[in-house]
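Visitor: The chain contents come next:
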Amino acid sequence: MLTGRCLCGDVTFEVTAEPQGASACHCGQCRKQSGHVWSSAFVPRDALRIEGKVAWYEASAAARRGFCPRCGSFLFWAAHDEDTMSFALGALDEPTGLRLEKHIFTADKGDYYDIADGVEQR
Amino acid sequence: MITGACLCGANAFELDAEPGPVTACHCGQCRRYSGFHAASIDYEPDTLRWLRQGHLTRFTHPSGSERIFCGRCGTKIGFRYADGGLSLEAGLLDSPTGARMAQHIFTADKGDYYDIADGLPQQQQYGSET
Chain L
0 MLTGRCLCGD VTFEVTAEPQ GASACHCGQC RKQSGHVWSS AFVPRDALRI EGKVAWYEAS
60 AAARRGFCPR CGSFLFWAAH DEDTMSFALG ALDEPTGLRL EKHIFTADKG DYYDIADGVE
120 QR
Chain A
0 MITGACLCGA NAFELDAEPG PVTACHCGQC RRYSGFHAAS IDYEPDTLRW LRQGHLTRFT
60 HPSGSERIFC GRCGTKIGFR YADGGLSLEA GLLDSPTGAR MAQHIFTADK GDYYDIADGL
120 PQQQQYGSET
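Line order of the protein sequences matches chains L and A.
Each residue of the first sequence is one higher than the one before, counting from 0 in numbering that gives the first Met the number 0.
Each residue of the second sequence is one higher than the one before, counting from 0 in numbering that gives the first Met the number 0.
To be clear, the hints were calculated from the coordinates, so they are not data collected in a lab.
Accuracy of the hints is not assured; some may be wrong.
Label-pair distances were calculated between CB atoms; the ranges are [unchecked claim]:
#1 L:11 to A:99: 34 to 42 Å
#2 L:49 to A:8: 38 to 46 Å
#3 A:20 to L:120: 31 to 39 Å
#4 L:119 to A:45: 23 to 31 Å
#5 A:46 to L:17: 42 to 50 Å
#6 A:84 to L:45: 43 to 51 Å
#7 A:95 to L:100: 39 to 47 Å
Backbone N, C-alpha and C fix where the C-beta goes; we use that ideal spot for every residue, glycine too.
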């Protein structure tokens, strides 16, 4: 079972299903909230057990973004019309057993870096 | 001049300087904080001019470094090294940034689920290129 936590440890989580869609998101919202690029995978909402207080922010009407209110770690993302939740791969304890499968929203990527790892881009 | 603002707009700034090199940090702290790995530019404090400030939240790590983020939207804004040096997160800079990624540091601690393949210099720790 995968486990994870924020930088300060106030928020911890357990992943009880096989994560899907390990991806790096280059959209403008994720770039600001992560500070660079956000990597995540998703599971059914009831397969993500979260302990601790999470601050939620809706950057659009479609989804909410969860971070630790104490240390700021960007941990979760969930669309309102889906019953899944994404969690940050960077928050995971290792080994993760995961591999990045795709880069998404690359049309919005920052101009200060290149994507050169050969992973699929969308 | 570089400008930037957080996701909710509570914080905005101008940096009255050419952007320095962008450093990607793969240490465990930056990975937990960002969700992937960090990318930032160092700056001198007298070059930063705040246009707006709101909900600024600071977290001091036991190691002595400080993370600055917007407590309303979660945007990562800045970092203060334990020795007092300052950096800005590259992700909130407006395009065109005029900045370029220049190196990867603390690659010994990088995540096991991605590769670094852009050909830039890598330092396993920081301060001694390997």
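Visitor: All hints, please: hold or fail.
Guide: Status of the hints after comparison with the structure:
At roughly 37 Å, the beta carbons of residue 11 of chain L and residue 99 of chain A sit within the given window of 34 to 42 Å. Hint check: residue 49 of chain L to residue 8 of chain A, Cβ distance near 28 Å, so the stated range 38 to 46 Å is violated. Distance hint check for residue 20 of chain A and residue 120 of chain L: the Cβ-Cβ separation is about 25 Å, which falls outside the suggested range of 31 to 39 Å. Here the CB-CB span from residue 119 of chain L to residue 45 of chain A is close to 44 Å, at odds with the stated 23 to 31 Å.
Taking the beta carbon of each, residue 46 of chain A and residue 17 of chain L are about 48 Å apart, inside 42 to 50 Å as hinted. Restraint check, residue 84 of chain A to residue 45 of chain L: a C-beta distance of roughly 44 Å satisfies the suggested window 43 to 51 Å. Range check, residue 95 of chain A to residue 100 of chain L: about 30 Å between beta-carbon atoms, so the 39 to 47 Å window is missed.
Of the numbered hints listed earlier, those contradicted by the structure are 2, 3, 4 and 7.
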